[in-house]
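From first to last, the protein sequence lines are chains U and S. So in the numbering used here, spot 45 of the first sequence is number 45, and the numbers just go up one at a time. So in the numbering used here, spot 240 of the second sequence is number 240, and the numbers just go up one at a time.
Heads up, a few of these hints could be off.
Claimed, not checked - In silico negatives: residues of chain S with every beta carbon more than 12 Å from chain U:
(1) M3
(2) L58
(3) A98
(4) A105
(5) V112
(6) K146
(7) R169
(8) R216
(9) T293
(10) L313
What the hints assert, rightly or not - Below 25 Å or equal to it, Euclidean Cα-Cα: the simulated PhoX-like pairs (lysine-lysine) are:
(11) U:K248 <-> U:K208
(12) U:K196 <-> S:K163
(13) U:K248 <-> S:K192
(14) U:K74 <-> U:K276
(15) S:K107 <-> U:K276
(16) U:K358 <-> U:K131
(17) U:K131 <-> U:K357
(18) U:K248 <-> U:K190
Simulated from the structure, these hints should not be mistaken for laboratory data. We treat Cβ as the ideally placed atom computed from N, Cα and C, and that holds for glycine.
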Amino acid sequence: MRRTVRTLAVTSLAILASALAYSLDFGSTAANAEPQETKVIRIVSSLPRTGSANAQTTTMVNGIKMAIEEVGAKIDGYAIDYQDWDDASPQRGNWDPQVEAQNAGKAIADPLIVGYIGTFNSGAAKISMPKLNEAGLVMVSPANTASELTKPGTGDADEPMKYRPSGKINYFRVVPTDDLQGAMGASWAKELGATKVYVLHDKEVYGKGIAEVFKTSAGKLGIEVVGFEGIDPKASNYRSLVTKIKSKGADFVYFGGTTQNNAGQIAKDLRNGGVKAGFMVPDGCFEQAFIEAAGAPNLNGRTYITFGGLPASELKGKGAEFVKKYKEKYGIEPEAYAVYGYEAARVLLDAIDRAEKKDRESIRQAVAATKNFEGALGTWSFDENGDTTNRIMSGQTVEDGKFKFVKVLSGS
Amino acid sequence: MEMTAAEVFFQQVVNGLSNGMIIALIALGYTMVYGIVELINWAHGDLFMLGAFFALTLVGIFGVTEASGMGATGTIVVLLFSSALFCGTFNYAVDWVAYRPLRKAPKLTLLVTAIGISFIFVNIGLFWGGLPMEVFGGGNSAAAPKDFPPLVPAQALFGNEEKVHVSVRDGLVFGVTVPLMIALWWLVRHTKLGTAMRAVAQNPTAASLMGINVDRVIGATFFIGGALGGFASVVYSLYNNTISFQMGFRAGMDAFTAAVLGGIGSLPGAVLGGLLIGLTRSMSDQYLETQWTNTIVFAILILILVFRPSGLLGLRAKEKV
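If we strip away everything but chain U, and leave its shape as in the complex, we get (with noise of 0.2 Å):
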């Protein structure tokens, strides 16, 4: 009985302690606020920062940092104040959707933010779009591809309608979708001569949905498919798989998934195995921990990587300018989502600009009504779905362990 008194007491104590943390955090939240010169308003981003899709993200988020400063984080006498949370946990090693959901809740909870920057991953769009479209909050993703998140018709016959409960449109984009980018890996496929190609993905939203449209697509040019699968990505490897893609004679595979759901083992086994077919993987492999978790000489030359924009090293104008700027900054190439994070931000902070009032509901109207857009990636609007205009894409290459950009790849 004394113990259980014990335990008692050390518990509330904890929660007391824990519930007196919480109150001085927002407490300093607060001091902040009120001074009467200068009103801040917060800008969050959501991103995997923990596991191998971190050297990705950090770029993203320096390139979001290069926005803000831009600014001289300050608008119309508002101080800009910027957070980088992770929606990433070491146990997953990848996005974990409680830390999603949690992130999007103390957004909502902290009244200062007035601007969410996420998500990297589609899946975790899923959980924390519903919340922030309730709450008001605008949501702008750098590299969300998955097309049933905005676009009728393309998912469920209940999506995108049950991502906006307040039947208002918060959620935004700056990168082109997976219907377009999956239907441009079949049709490049084909340039390179695919004739039977086995399809394989990770099982999660966006793997599977870009996964699927590439099978359709390929079905449509008269490409076979010999096989459609989702893997478990977490085994120790992919030997009898690629037997089995061996015994149905593919000369293609694809796989729809992300370098966190083990691409690069799916690589290493493919060349092990003697498979001499093509391996094509859409952006969620397009990032350095790619290749290195594949090894470079499973890659080199046989492998192609379709992107929903342009490389780096392809960006014009003010797409170039920030590539440069961002070396001479940071002294490394930016990956491939660098100058996404960078269009997000830049394209929130111009919409924060033009609002008459610096709460939620005004910017998100301002960022619904941006058109033609100067931005790093071009010229270009949201249009009623709140998903880019923009349709240029790229297909490129490892060779020598480095992405090659091949060319630019036309939407239709």
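Given the coordinates of chain U, assemble chain S onto it according to the supplied hints.
Structure of chain S alone, referenced to chain U:
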């Protein structure tokens, strides 16, 4: 290059046996420890993971990158034995620090302790992967999977004309695991230590009355079990070329399933269980769909537990080690 149905089948047998042998080697560590102290050592899979990190660290320190003749063979032998020594010593130390004080405690206490140790190991692995070494990607992303250099070539063992591809790596798996299993069998059956182990497994009190130092025997069991995990970690790394701080969970889960399938506490049972799981996985991948593989493996486990609760070889083997 079209393959006939028979070639596909035999290729999958090769794949399944290789993966199964690695699982079996890990499962032996589970089953030995269970046989002697009735502890399901949850940390065993994560110890195996640390062994792989240790091996990759050595690879990084000595700067070995490519397979090259006798040098590579030497390197692999060094890697195998140093990783085994590391894992064995580590396992022995953990027993000494964490489990020995709990010998008289209820079995559940021991199990919860093992789960705790498993968490500690995983976090050591996470920290280890963040060390600023080139083999760990410069320490920039601790949680990312690490590429283990292909020290063993993947080319076919019997020439490239063979339709069924038995690679040098498959050869390595069998060349390492089979002798180890024979050595273990010999140790348990024909040495003084083995006799002592079997005695302790049957009845610790009676064994100590006969003058056997029970703690020393248990310590030796932890050392041997850990060392097998160390060997397995190097074989795994050379076979798959990827290691990650999270790999212990899946490997441990497979090995535990193998141990239970074969009858936990039984050495031949662990090997049989490992091979069965390996073969089931490859057959399911080929003839069903990959997404069903895990379901099939665990469904088989449930069926075995329902109809033969002590596993395939559990009933016959009266002695637990």
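Okay, the hints, checked on the actual structure:
1. M3: 5 Å, violated
2. L58: 19 Å, holds
3. A98: Answer for A98 of chain S: holds, closest chain U Cβ roughly 22 Å.
4. A105: For A105 of chain S, whose nearest Cβ neighbour in chain U is about 17 Å away, the distance exceeds 12 Å, so it holds.
5. V112: 17 Å, holds
6. K146: 8 Å, violated
7. R169: 8 Å, violated
8. R216: Holds, since 35 Å exceeds 12 Å.
9. T293: 6 Å, violated
10. L313: Per Cβ check, L313 of chain S is outside 12 Å of chain U; nearest 25 Å; holds.
11. U:K248 <-> U:K208: Since the Cα atoms of K248 of chain U and K208 of chain U sit roughly 21 Å apart, the hinted pair holds (cutoff 25 Å).
12. U:K196 <-> S:K163: Given that 25 Å is the threshold and the Cα spacing comes to 21 Å, the pair holds.
13. U:K248 <-> S:K192: 54 Å, violated
14. U:K74 <-> U:K276: 55 Å, violated
15. S:K107 <-> U:K276: Not OK: K107 of chain S and K276 of chain U at ~53 Å, beyond 25 Å, violated.
16. U:K358 <-> U:K131: Since the Cα atoms of K358 of chain U and K131 of chain U sit roughly 21 Å apart, the hinted pair holds (cutoff 25 Å).
17. U:K131 <-> U:K357: 23 Å, holds
18. U:K248 <-> U:K190: It holds: about 18 Å lies between the C-alpha atoms, which stays within 25 Å.
Of the hints listed earlier, those the structure fails to meet are numbers 1, 6, 7, 9, 13, 14 and 15, in rising order.
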